[in-house]
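Participant: Single-letter residue listing:
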Amino acid sequence: SQQGEEDPQALSIQEGENATMNCSYKTSINNLQWYRQNSGRGLVHLILIRSNEREKHSGRLRVTLDTSKKSSSLLITASRAADTASYFCASYSGGGADGLTFGKGTHLIIQP
Amino acid sequence: DAGVIQSPRHEVTEMGQEVTLRCKPISGHDYLFWYRQTMMRGLELLIYFNNNVPIDDSGMPEDRFSAKMPNASFSTLKIQPSEPRDSAVYFCASSWTGVQPQHFGDGTRLSIL
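Protein chains in written order, with this note's numbering: chain A, 1 to 112; chain B, 1 to 113.
Same shape as in the complex, but just chain A (with noise of 0.2 Å):
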């Protein structure tokens, strides 16, 4: 089943801009991750963020996690063509390599 849903499912913005996608979560989690899948390819992971810290950066992608609400947010900055795809969030909630939950998805589409 899935712990995590990602929120807008769709998203479309202009070359430059900056794209949020958020991601709410139900469980306790050990860490939330966030992966990148292009069309027709694997998922990418990007980054992973610790309960125990609230703001991490990796170049352009900023990601927070707010566990008292249960959500997190990816923030990509100047916004490129090639970021275009999906965007997924994956919750481990420990107890096993089982225990990462991926949710459905945000697409987001970059237009030039």
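These are computed hints drawn from the structure, not numbers from a lab. Virtual Cβ for every residue (Gly too), placed ideally from N, Cα, C. A portion of the hints provided could be inaccurate.
[What the hints assert, rightly or not] Now the in silico label distances, taken between C-beta atoms and shown as ranges:
#1 Asn52/A / Met15/B: 47 to 55 Å
#2 Gly28/B / Glu55/A: 15 to 23 Å
#3 Leu113/B / Ser12/A: 42 to 50 Å
#4 Arg80/A / Met39/B: 25 to 33 Å
#5 Ser39/A / Glu14/B: 22 to 30 Å
#6 Thr76/B / Ile13/A: 40 to 48 Å
#7 Leu61/A / Met40/B: 23 to 31 Å
#8 Gly94/A / Gly28/B: 19 to 27 Å
#9 Met15/B / Gly95/A: 33 to 41 Å
#10 Glu14/B / Thr64/A: 42 to 50 Å
#11 Pro8/A / Gly28/B: 21 to 29 Å
#12 Arg80/A / Gln17/B: 25 to 33 Å
Please build the complex by placing chain B on the supplied structure of chain A, with the hints as guidance.
Facilitator: Quick look at chain B alone, frame taken from chain A:
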């Protein structure tokens, strides 16, 4: 480094046929995962292995599905007999530990007619 390698990339077959999907994980990774992705259900974990041993197969939908990992560098997912509702993209992923991020192959797009 080579990533996770899956074969075939595409498979089209008729209902009732046996289907075998293959995966070569990243060398040194102790965990291997099989997922199924559909529009309706998203990404579902089917089964995972630790050091070649199946740990949790509770996600395997039916007895028609089976998975093996005879050695650290190879795994198969078999569907016999196949049905149209098995049509999906099947991904294999591997990781160093159960906590670390997973590395995905590019999947096998399976169509059962």
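Participant: All hints, please: hold or fail.
Facilitator: The hints, checked one at a time:
no.	hint	result
1	Asn52/A / Met15/B: 47 to 55 Å	holds, 50 Å
2	Gly28/B / Glu55/A: 15 to 23 Å	violated, 31 Å
3	Leu113/B / Ser12/A: 42 to 50 Å	violated, 34 Å
4	Arg80/A / Met39/B: 25 to 33 Å	holds, 26 Å
5	Ser39/A / Glu14/B: 22 to 30 Å	holds, 27 Å
6	Thr76/B / Ile13/A: 40 to 48 Å	holds, 42 Å
7	Leu61/A / Met40/B: 23 to 31 Å	holds, 29 Å
8	Gly94/A / Gly28/B: 19 to 27 Å	holds, 23 Å
9	Met15/B / Gly95/A: 33 to 41 Å	holds, 37 Å
10	Glu14/B / Thr64/A: 42 to 50 Å	holds, 49 Å
11	Pro8/A / Gly28/B: 21 to 29 Å	violated, 38 Å
12	Arg80/A / Gln17/B: 25 to 33 Å	violated, 43 Å
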